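Taken in sequence, the protein lines are chains A and B.
Anchor point for the first sequence: position 259 equals 395 in this note's numbering, and the numbering is continuous, going up by one each time.
Anchor point for the second sequence: position 294 equals 430 in this note's numbering, and the numbering is continuous, going up by one each time.
Everything labelled a hint here was simulated from the structure, so no lab data went into it.
Do not take every clue at face value.
Said to hold, decoys possible - Incomplete in silico selection of chain B near chain A, CB under 8 Å:
#1 Arg348
#2 Ala350
#3 Val382
#4 Met403
#5 Asp422
Every value quoted in this text rests on a predicted model; they were computed, and no experiment measured them.
Glycine included, every Cβ here is placed at the ideal spot set by N, Cα and C.
There are 2 protein chains.
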Amino acid sequence: MPLSSTLTRIVLAARPQGEPTADNFRLEQVPMPSPGEGQVLLRNHYLSLDPYMRGRMNAGRSYAKPVEIGEVMDGGTVSEVIESRHPDLTPGDMVLAHGGWQTHAIADGRALKRKLDAGIAPLTTALGVYGMPGFTAYVGLHEIGKPQPGETVVVAAASGPVGATVGQIARLQGARTVGIAGGERKRAYLQDELGFDVVLDHRAPDFAAQLRAACPQGIDVYFENVGGAVFDAVLPLLNDFARIPVCGLVAHYNDRALPAGPDRLPMLLSHILTRHLTVRGFIQHDFIQLYPQFLREMGGWLQEGRIKYREDQVDGLENAPAALIGLLKGENFGKVVVKL
Amino acid sequence: MPLSSTLTRIVLAARPQGEPTADNFRLEQVPMPSPGEGQVLLRNHYLSLDPYMRGRMNAGRSYAKPVEIGEVMDGGTVSEVIESRHPDLTPGDMVLAHGGWQTHAIADGRALKRKLDAGIAPLTTALGVYGMPGFTAYVGLHEIGKPQPGETVVVAAASGPVGATVGQIARLQGARTVGIAGGERKRAYLQDELGFDVVLDHRAPDFAAQLRAACPQGIDVYFENVGGAVFDAVLPLLNDFARIPVCGLVAHYNDRALPAGPDRLPMLLSHILTRHLTVRGFIQHDFIQLYPQFLREMGGWLQEGRIKYREDQVDGLENAPAALIGLLKGENFGKVVVKL
């Protein structure tokens, strides 16, 4: 197939005010670039959509520098090398890349550290359970949550790729797991397929009371990727020495101002003090030294069927904006991957 | 000297509403108790006053169970064994005890693990730099703060026994130290005697701007024992991966209700997430396994004059309530010890 003379991409057209809308994105075609010395040209086959992308659409400080207006939206991809000027990469190689929201991308060969082997797990898992979200779950538990046998681990957004993996790893380690997700389909999947001990719907009017009933021994680990009302319900149930890995706050990504008072900041500090809590923010890259160990261990779990996962596949780059908007509202069911 | 037939003690007469007052305490005399098998009778010579005592005057959950109405106020003491029914203790032994706000106390011999040796440091240091407050500083840095050479460490209540020790240990470890204290006398002491790099007065109207100017490289460790306006000024200056050991919140101990809004709890969580912060509440006892190491290392520093300290001595048990009330307002200058 001769190489097209253009690539298709989606750029940030305007910064969102609150929830993103379709107008914040612009689909455009630009001339196909050529790789320089040491670079490769990639054909992106699958694009990962993740909650952190909402943060990068803002001008302010977040995990990483924001995407600038007119720049291509950032994102992880499963990509194929189609032209190589790097000695270690050959056309046909499948790699994990930061290809972004576009059909093709130029990348430094040195940055493409992970060639993908479909023999271990399907290629798209490199964007989910066997990639960044799975690694987030793994290191958040390994380095911060440290669940002990018999402890109670509560996971928000439990049907997402981070939460589902947190729950399953914690269970493998002997903890009791309480998942939180929206709707009966997700509840049934988490409880019946993934083995969560209890699954609660955060939209239930008596959610806080349900959570209390589901945690008769209190909460030892709360894996925080949501914030909002779930955090509020968790806080009074935390045991002494509880650990709270914080890797996301999707309930707040669209916030435009601080909520009304009273000011509970001193109350949170008091809880941290009197209950000996550890609250720690992280991204997976903070523990990148554990990546080889993660690949080994998670690869084994996947092949043995001890860790399961679910994908929510979207067809076509043009549908990525709507899929991201839906993901931020919890409308996805599993890891969102866009087939390009 | 024949043993008196009564002991004098101060009990909690009523729970404070906000700031404690003299009415919350009652001085009384009760018959002298006798030690049972395995117990000793102690003559308390020095009583430690500490901010945590405010928490124990409340009914609610704090570090430890509250003092009940009519119960003797809790507190660490330097005490002399005057009658022993325990084989390892002999009249005349000086020990570190939880003797409480009273002239004499009964203690289990097994609980008196530390005999005091005035040859290493004056006995009263066992209540301050060479005791609980010093150990709090030591473990908070050792296990949570972990200051690295060249990092900026900010210490609130820097003239108190915890803060002064934090600053000096951090300086020994090569960090740049910024102390916060009230008034020119304390400032001069911390800067000239203890070697803090900068000392600021939290009561200055432009305190937040002064703190920003004093931390051009941001803040890597904030040793929190105060809360309130100091925390608010610190928060925007925290660097990525900053650590916040939380061992006290004296600014909030008298709070009767949550402050007015907006609600900054989500903002604090966002900071924790996006800046990869570690916020961890602790008391020294959480790391009690480090106590022998602390005694060795701090003993050496004290004998070499590398760590200094200051005591604020109060005469007579009857003056303990006023001294605690003053301490909670920052009126003390150094470790408050009551000579009984």
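Verification of the hints:
| no. | hint | verdict |
| --- | --- | --- |
| 1 | Arg348 | violated (16 Å) |
| 2 | Ala350 | violated (22 Å) |
| 3 | Val382 | holds (5 Å) |
| 4 | Met403 | holds (6 Å) |
| 5 | Asp422 | holds (6 Å) |
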